[in-house]
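Enquirer: The lines below spell out each chain.
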Amino acid sequence: MSSSDDDDERIPFIQRPEWSDVRPVPQDDGPHPIVPIAYHDDFRETMDYFRAVYLADERSRRALDLTTEAIGMNPGNYTVWHFRRLVLEALNVDLHEERDFIDEIAVHNSKNYQIWHHRRWVAEKLGPQAADKELEFTMMILALDAKNYHAWSHRQWVLQSLGGWEKELDYCCKLLEDDIFNNSAWNQRYFVITRSPLLGGLQAMRDSEVSYTVEAILANPQNESPWRYLRGLYKGDTDLLVSDNQVSDVCLKVLKTNHNYIFALSLLLDLLCYGFQPSDELKRVVQFLGKIEPDSSDANLATTICSILETVDPMRSNYWAWRKNNLPSEVC
Amino acid sequence: MNRRNTDNLVEDLLGDFEYEVQVPYLLYRNAAQEVNGIWFYNAHDCEAAANLFGRILNAYSKVPQKPKASTKSEFEELEAVPTSAVVEGPLEPPPTSSAAAAVPDVSDDSFVNFFSGFGSRLGATMEDLVAEKHVKYILSVEKKKDDFESLVLEHLRMNGAYWGLTTLDLLHKLGAVDPDEVVSWMMECYHQDCGGFGGNIGHDPHLLYTLSAVQVLALFDRLDVLDIEKVSDYVAGLQNGDGSFSGDIWGETDTRFSYCAICCLSILHRLDKIDVEKAVNYIVSCKNLDGGFGSIPGGESHAGQIFCCVGALAITGSLHHVDRDLLGWWLCERQCKDGGLNGRPEKLTDVCYSWWVLSSLIMIDRVHWIDKDKLTRFILNCQDRENGGISDRPDNAVDVFHTYFGVAGLSLMEYPGLKSLDPAYALPVDVVNRIFFGKQRAPSLLAS
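Chains as they are written, first to last, in the numbering used here: chain A, 1 to 332; chain B, 1 to 448.
Computed list of lysine-lysine pairs in DSS-like fashion (alpha-carbon distance at most 27 angstroms, straight line):
| # | chain 1 | residue 1 | chain 2 | residue 2 |
| --- | --- | --- | --- | --- |
| 1 | B | K287 | A | K167 |
| 2 | A | K324 | B | K374 |
| 3 | B | K347 | A | K147 |
| 4 | A | K235 | B | K347 |
| 5 | B | K278 | A | K235 |
| 6 | A | K291 | B | K337 |
| 7 | B | K337 | A | K324 |
| 8 | A | K235 | B | K287 |
Simulated restraints, written as ranges between beta carbons of each label pair:
| # | chain 1 | residue 1 | chain 2 | residue 2 | range |
| --- | --- | --- | --- | --- | --- |
| 9 | B | D193 | A | D41 | 28 to 36 angstroms |
| 10 | A | D41 | B | L57 | 53 to 61 angstroms |
| 11 | A | D100 | B | H321 | 40 to 48 angstroms |
| 12 | B | Q192 | A | L199 | 49 to 57 angstroms |
| 13 | A | D28 | B | G438 | 31 to 39 angstroms |
| 14 | A | E215 | B | F17 | 52 to 60 angstroms |
| 15 | B | A49 | A | N258 | 33 to 41 angstroms |
| 16 | B | Q22 | A | Q203 | 52 to 60 angstroms |
| 17 | A | T194 | B | G241 | 17 to 25 angstroms |
| 18 | B | D227 | A | D41 | 36 to 44 angstroms |
| 19 | B | D233 | A | M140 | 36 to 44 angstroms |
Here are some chain A residues the structure puts well away from chain B; computed CB gaps all over 12 angstroms:
| # | residue |
| --- | --- |
| 20 | P12 |
| 21 | V22 |
| 22 | D65 |
| 23 | A90 |
| 24 | L95 |
| 25 | D170 |
| 26 | D239 |
| 27 | L271 |
| 28 | K283 |
I should point out that these hints are in silico values taken from the structure, not numbers from a laboratory. Quick caveat: nothing in here was measured; it's all calculated off a predicted structure. Just so you know, even glycine gets a beta-carbon here, dropped at the ideal spot from N, CA and C.
Model the full structure from these sequences, guided by the hints.
Expert: Laid out in structure tokens, this is it:
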């Protein structure tokens, strides 16, 4: 609801002389009559007055202030936001002020679709000069919740429509330093690598990105995101994925630790299915994990991997069983 | 015993009952000396079911029967108690929401908890879903419009109506509501000038509420009250040049709206009013390297957005754009140790993902890749067994949104006693059948 200041000072609309000419309009819920409850009076009264100006289509300064109050009480009410925009346009308000208003309320309502859409509407009107402030704003929200989906969508829109790519990769690095498990930050990293007009594109960035990702994987092999990111760096080019030693190397390293190796096995399985020829060392390590005799004849690597995964990742045992039954014939 | 059969098979495991596994059959003899065999498509499911029988029999041989905890009669009228919890964050309607941030309270999936979840009564598994309580909860929410929570959420009452009424229908209790009352309220939310529906009386039109309105009318088989041309023109008019859809005239673009538009137009048999190819291409442009989909091109894969995109592709006959194995794997990786599902890597589990992840898996025919037993237990543990309703996580406050998604998830997993739910239209299968096969209608250009 409204901030503590307002609670102390709020004067009911009925007592405000500047609103004396307005007849409040109660909520119409259809056939059932409303039973008033004192606890909700402030809210109800504000909304009754809002309905009055909305139905009268009064696009005045006092109407704007009224929407501010209504939003303060219930920022999810999208009709109030719509009307606010009509009033802002009619009054030709300086949208920098509007942006400041959003700054204030966004922190407590950071997952509210209406606020984010309104922010975009304002930023669009302010144009490219708004880019810095928008990036600052999303950074502030992400500092409170680094995975806020709205903030990331907004940030991506800002970069693509208004610019500001210069420091984005650094920002991703920083967020990943804070939390290497932040899937949103990994996603943004991919966004920057592939779309920034200032970097060379995926191919140019691949080597450095692979090194970065390998390091992240080795630090936390149970982290789903860098494994997916690593695959993404080869963008469907399975030959490249198979032939880059760094990929099979990181699998081997993780497997040798005998710990948190599920994603390593899964990637290795995919590599084998793409035609990868494993080294003897890799074969031995997998056989060790699968508790198979080194020279045993049923040491089909891909099948062994599936069997291990069925055991160590039982929640997805159906998936691993399906993989086992669907290995390419060359691999069987 | 299968998705299309509305009769449930009930056997008393704790009576004279013997069983034997012969994959793919689970054979059993019941107290009536009948010998039956249950055929399983999936060998693992067969063994899991046999396993479950074994554990139940084992557990009930040890646990003493507890007396009923509550002395209240089941059929006492529930007081309309206003909830004290103000819903955090907006509960934007299907398909995506930002789940309220809450302290995780992951349920322990130990053997004992599993059986305490069954409650103090012996009997068939279906009693563990406290269906009657959920019905009462939903009906009470519909009635109380004056507590603070209702007032704060009044702008999305149309969505609330869809969640509540669809849940009632899944529980075979849609008859508890007067369709005329609902329809007349709904038509007061309709904007004659443009053809869209608002979230409640006095609210501006929006695609989200237009879809919910159409879905609710479909539930009641009252689509005839609509000016179908007008409504479908409203929806079609929200398509942008790049094939995407805006939610309303203010221009917010999101793949959620692609789903809303496509689902809505499909129900109205008016898909030919939009550029389907462009709509599909836009959705495909939101596909990520992990096989998932985001809200905009480049947006992080998120289970809610994935449902929207996969649903829209399914309805338009464009599922060939989905890499089912890759996406199926991403989706089954959403299942966490507590058995619940999350929406993105390293996020908390939440009952609502039981719908979005599960329906997506079903549409791409990969639902057997998750552990259904564990997910079922997770959902059942999110119930408020005293007052009805389901919450996002065990022991949190309930709401209609999560009640719907929890029951919907159970329906998708063929939990006994529930109607079947169509994963793309998010409506009961019999309703969808009625829409597409029920009446003699000139077929429009529907993709198969």
